[in-house]
Amino acid sequence: MIGAPLRIQLARIAQLPASEWERSLAQEFPDDASLRMQALLWLHAEKAGPELEGSPPSLGEAADERYELALLIDAGATASVWQAFDRRLGRSVAIKVFRDHSESEAIDQVLAEARAASDVVSEHVVRVLDVQYGAGRPYIVMELVSEYDPDKGDVVLGRDASSFRPRGVDEVARWVMHVARGVHEAHLRNVFHRDLKPKNVLLTPNSRRARVTDFGLAVSGTSADATHPAITLLKRGPAGPVSVRGTPEYMAPEQARGLPLTLDARSAADRATLVAIDVWGIGAIAYELLTGAPPWLPRRADDLSAWEVAASSARPEPLQRTRDGERIPPRLRRVIEKAMAIDPGARYASAAAVGNELSAFLARRPTTLDHSHALRIGLWTRRNPQLALTVLVALALIGLVGGLAGVTRARVLRLRGERDALDREVAAQKIEQTRLSAAVTRSRDELDDTRTKLAHERQNLTSLEKSIADERSSYQVLFEAKEQALRTANATTRHMLEQLDAAHRAQRIAQRARAALEQTVAELQRELDKHEKDRERVRRERDTVRAERDAIRKERDAAASARELAEKQLGAAQAELDRVRRLAEPGNASRASRK
Amino acid sequence: MAQPTEDMSDSEMAAQFERIIRRVKSSMKYRGSYSTRDILGSLVARWLHSGEWDRLKLLPPQERHIGESVRRFILDRIDQLRRHGERHELPDDLLALPDEAALIEMIEFAELRAWIAARIGELEAGHVDPRLKIPLVNAQETGRALRLHINGRTQREIASELGISLGGANKRIVEGTNYLVVLQGIEEGLGSGA
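Chains A and B, in that order, give the protein sequences.
Count along the first sequence from 1, then add 349; that gives the number in the working numbering.
Count along the second sequence from 1, then add 5; that gives the number in the working numbering.
Only chain A is shown next, with the shape it has when bound in the complex (with noise of 0.2 Å):
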């Protein structure tokens, strides 16, 4: 393969005359016969290569001299569409230009196209402006649609609907309606379109109007189908030959499976199998926007394609959210899927029936399909939501006054009643608060007399402790003096009883002190149980009594701890004493002296 070099080359020789071109190409390449025969292919191939934006086609002298071809907006199989400007009237306009011109076909095809959409007269439906055929190329001369944009600052051009993404589905409910309006306008001039679909919908950029552009598959009163030729694909019976036209991804069943060739929009039977059809084809475009599909895709699992699903007895899959994940809303559904019913005789008699279902779902009234009253009484309170939210009061306030008088008054009285009764209870608790106050004032005073007193036994039995010791030591000496010991055992004897006593004593009073407490305490107890509502406030002065209480059965635990301690002490005493005294008679000092 020859580099770069040969590539300029062949560009030099393409600015040559073709006739000059085998001739150049025999110099430059004089060896290799088969490098020259596929230059001249390739050089013949570029001069007639496809249409590219840039550089548009001609449409003859005079048509040249009037229209200027400045863009390619759309290019399809037998014509591409050219944004151009018309020097005669001064506007801009969409020509579409047919490729081929010697065929009839083809003009055929020119004539009734240009002939069905200049019939209809709609603002949802490019106008046709003028049309051309003969010399040059056939086509055909279109309102352009397009808006000024403000912030670009310049004019722009419409899109098809394929193109363009729906702000929600209200959005698409207004541009389907938009259509179903068009598509009744040229219905009503007996021109049935047969090829409805997003691409046929073009979307003005700013105020994003739908418009149904493209009658090249169309039908009408001047122009029957039998204009179009076509091959023969089945027969069906009496009915003779039919044939399949349209977008198989968008057909309504009865068209994918064939109509008669002889299909005349004059008459009112063909006129609504015709008017089924566009039914269809606006609830297709519905289906589409909403989904983001067309309602019948090849089925790869079944190898089946487009066209023969349709023609199946397929049904396409049920709407449920939108592209977005949104929930289709159940009124707009029931619409689609009458306007895409799969038996012609269910659809909508009309696309004008359509539009106003349409028109119904969007200002929030009942189509024909909302029976419920439920729903029908819901949409009006959304339609009319101040002169709901009235009624909705003057219900009440007719209530109020009207039904409700006679209780309000009872229901006062009772009030009353219970306020009363609250307030004497109020009393009462204020009441009960001052007395249980007094009590825990009271319990305060004797809980400071119990600590008095243990402090004193406190005391008493750290003396008590020191006399023992000092008995011991004593106990030491009376062991060594038998005389001496007697007496002061004696002595410490009666000390010790009076000791004892007081100790008792003091256990009394503790014992007294100790049932008085738990005698307010129970009190209180059952003070507080019968006034639950105020124990928070009185909880912790009840929690106070109880620490104080706590604290005085921890001193009357010590307490008696020392009571204990005193009667081990008294108790060893005595034992003491008892041997001291065994050891003072006189028969036994005599055998302890012998001894």
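Please keep in mind that the hints were generated in silico from the structure rather than gathered at the bench.
Where is the CB? At the ideal position from N, CA and C, for every residue including glycine.
Treat the hints loosely; a few may be bogus.
Quick partial rundown of chain A residues pointing at chain B, CB under 10 Å, derived from the structure [what the hints assert, rightly or not]:
#1 355
#2 379
#3 381
#4 593
#5 652
Here the structure of chain A is known, so what remains is to put chain B in place on it, guided by the hints.
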């Protein structure tokens, strides 16, 4: 299919060129709206992919009976289709096919479309036919541009999708189309070096 000869006249060669270019270009056109011809074309393409055509090509022309084979295939297909819904008896005269010459032309177109789709797939994979002596710049990008082109995208959309200028997209489409035309010429014996 005309084969080139040494003494092919200029007019004959020009006619062959014109035929190749026209067939390749028309096979690359996106068809949004279908007519009966397109539907029939799609069924013929299915018949082609079934392998029946490859089998028939091995037979002498007088024994091929292409029309009968296509008719039977389409009837079977429609019968199969209708099994999804209501059943109908399909009489033999249900199907009215075009004459043998038109049918062969449809078969050739279906073959050509399949051939073009395969070549575009090769380009997308970066493979350029080694028989071509004219260099192709950026085969993969050319393949992707052609794929989008035959799927009905406008040149602006292709430029936007590939992230290249409008001029760049145009250039890729022109080069790709030229490549396919020259390869088709080579298939027909033009410039193959044979």
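Legend entry - Violating hint indices (sorted, rising): 2
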